[in-house]
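Residue numbers (the numbering used here), protein chains in the order written: chain A, 110 to 633; chain B, 110 to 633.
Calculated from the structure, these hints are not laboratory results.
With a cut-off of at most 27 Å between alpha-carbon atoms, the simulated BS3-like pairs for lysine-lysine come out as follows:
1. B:394 <-> B:338
2. A:218 <-> B:394
3. A:394 <-> B:218
4. A:394 <-> A:338
Just so we're clear, the structure is a prediction, and the values are computed from it rather than from any experiment.
Number of protein chains: 2
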Amino acid sequence: MNGSNGAHALISSLVASGVDVCFANPGTSEMHFVAALDGVPEMRAVLTLFEGVATGAADAYNRMAGRPAATLLHLGPGMANGLANLHNARRADSSVVNVVGDHATYHAKYDAPLQSDIAAVAGWASGWQRHSGSAHDVGADAAAAVAAARAGTIATLVLPADVSWDSTDAGTAEPVTPTPRPTAHPDAITSAAEALSSGEPCVLFIGGDAALADGLAAADRIAAATGAKLLLENFPTRMERGAGVVAVDRLAYLVDAALHQLSGAEHLVLVGARSPVAFFAYPDKPGDLVPPGCRVHEVVGRTGLAAAALEELADLLAPETQPRLAPAARPELPTGPLTVETATAVVGALLPEGAIVIDESLTSGAGLPAATAGAPRHDLLCATGGAIGWGLPAAVGAAVACPDRPVWCLQADGSAMYTISALWTHARENLDITTVLYNNSAYAILRLELLQVGAAGFVTNDGKAARALLDLGGPQLDFVSIATGMGVPAVRVDTAEAFADALRTAAAEPGPHLIEAMVPALVP
Amino acid sequence: MNGSNGAHALISSLVASGVDVCFANPGTSEMHFVAALDGVPEMRAVLTLFEGVATGAADAYNRMAGRPAATLLHLGPGMANGLANLHNARRADSSVVNVVGDHATYHAKYDAPLQSDIAAVAGWASGWQRHSGSAHDVGADAAAAVAAARAGTIATLVLPADVSWDSTDAGTAEPVTPTPRPTAHPDAITSAAEALSSGEPCVLFIGGDAALADGLAAADRIAAATGAKLLLENFPTRMERGAGVVAVDRLAYLVDAALHQLSGAEHLVLVGARSPVAFFAYPDKPGDLVPPGCRVHEVVGRTGLAAAALEELADLLAPETQPRLAPAARPELPTGPLTVETATAVVGALLPEGAIVIDESLTSGAGLPAATAGAPRHDLLCATGGAIGWGLPAAVGAAVACPDRPVWCLQADGSAMYTISALWTHARENLDITTVLYNNSAYAILRLELLQVGAAGFVTNDGKAARALLDLGGPQLDFVSIATGMGVPAVRVDTAEAFADALRTAAAEPGPHLIEAMVPALVP
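Using the sequences plus the hints, can you model the full thing?
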């Protein structure tokens, strides 16, 4: 057979537009897409066993590769399963191209069992969506989807089965030039420069592409020259860190700590960051973290060219100032029982050059920023949208995007279980991912939140029912068994020495590993 | 503290309306709900590690208990994770009450990271939804949600954090009488009776509550007296089967087989079933399975009182006819290598009295209907909406609803991985679930579908990329390791004898077990 059907046109058009990886979890409606893959060998299809793995992988792939991957999802329920990590991608302004198979156009009227309102679920997370109407158009639809995604959004192309299988001679569509990312308006630069040089207390709050080394350097020059306090958003899309890069504090997750960081500011200059707000509402605490009376100056939004704006500001305000780069510095390798503190020190002591750190460690990662600030240069990726179950999938995407770099996935236990099947894809693709699975047998973050929201005082009787919902200890999860069952070599450690040994072993053997780090819960 | 806040009012009102089980996966916004649980000990909270487990459990709970359970989900992403199994619940017309925590009402304006359009995702699957506005109203909102659900739909109540934590003296809300389920109109009975007694070829196509023993008996009396052909919808919500119950064929999944079942019919009488359509579209095959020229008579819809309508028809058409009940009959216990055929025979030979069979076996379950038709009386539940990842969660709900009955969960491997963390809940709650995990190391159903949709002919080159997306063999999943890691005792079998031994062992030890049945894929 030749490849002159819609599916072939779609895949070849994706490739022509620079999308050559597809994280896939197909079903019947996508069989012609699957069948067309061998005809376009430039497209790499990576099988995931759950759609949330595909979408989380696509998010992290974009963050590291700088261009979108595609996902292949099966009708409304498949799209639905991918939504939580698309939420994270949306909050990261990641570029993702979803291809969602649908019933043949003429079949929709029968309301067959898998029929649903795909537009509704697609619209929840997507900044762009289109229902492809014919095999003749689907290549151009794909090019439009990629262009839309490249502007920093999630583009969802719904692909009816007959659009896949119908013949077409439309061929491969030309790439479409994406809308450029916004740049700072000169007035905004002027206004920010005035605030920063006013001598009044000023916080320079940055995010977006300003979290990479160049943006951080420019921001630090401004801070050094003006006395402004430099802060980065709390869950950056991609942050460069380590020796030779400017070290920057991130906005704290806990409201009181964040308020302390911002207190006294009379100007808040936003460059690639949104105005700071509390992650959750807490009784008697503010949601808007901007101090009363503080003036907010937005230079450029989160999808804009933030680093360029900072460089412009730095040239104005700090032409002679050099950035203060973090010196190389590592914690001593600790000994003794594994705790959050010793585990953190081990990570800091051994993190390799060029690592990509996927951080979904939650409470077990307390102290990581300080412990790794002087480690060899590395990237840090966070779940920007707060939807858990992102880490193991994101590791897939980062490793596929950067096959020559080690990926360290620092993963909490409760969150891991949402998308645990990602481990199988780690193994199938032989990805160089070392997962540190912090097993504290609890939703420790929720124990903290129970206190934070003042709910603990409402617990009555013996509190057994409430406690049970925050406890993962009965039965205790055995992540060595789980990982082994999915083809990932795994080891359990409960001392700092064993943890260090396991990390060294993993580093010496490329491919996936899981280290189950048994740590006491930070919040008992 | 006393319990006079919104969360307490909500939970006590759910209990007063007959909802006393909550499948929960909470987060920060739900902490006051969690804290209030010990104050209403009649509410049983069952922790799941993923929202799709909670919703699948709630679906099956309703099917077996005949009343809704609640779920507790965390904001938009938590709702999103639960959608796929809510899709199945919607297609089953199950009653489910979702409680979805949200940011405090005054926090929404900050567009914090977890903020999203909950109404959009809730609306995708829910027949009823409400955003609760105050602690004073939330009890009444809960009562309204339960009433809406009881009419055969999914009711979603969005619960802002401040509605949970605000004080109220509104107390426990009175139950609301649900809208009665529809009954057959007398004209529809008359029309159907005329068709059935016309002497012209007639198919009596039933579903809904007609799949229980009484409805099946009435339907069979009609069929026996009139010569009509009796067929049940292909994926019943809950079907009673086995010795002493009328055996009935289900509509085939494969289009050609279904067309054959319906061919020649001049009248199609629908009682609790929707008019038959193809599950998917296939090139050159019809989507509407009703034969050309056949007249369709709808007696009552799927949520209606179908069994009662059949009894009315039977009294008209077959007053003296007795139903033909299936005799007790079991396959011989086979010996030798485990195959789909021998595994099916073992299940038929050993299925215990009163079992609840959760069937997500897909291709590995071929032949099960025949092999179990004469087994001791049991219930069969299917994923009505075709969204996979339903079986292991549904087993939770069935076991919680019917603690004195053995649950056999017949589960395909690929589908299992979508919601594999359900096994942990099997263990935590010590549920009497025996999971038969058919490991054929493939998405065998998709190998079949690749052929069915004619896509196989489009595979080019060596077909390696296409084949890889349907293959689960590299690495092979080890479900014994995975289950053990989640606290479920597990054993792998590859002979019929070992399979039978394992089933007997599981039956002798109440509580969860997993038997990994190694079977060759039905479609190589």
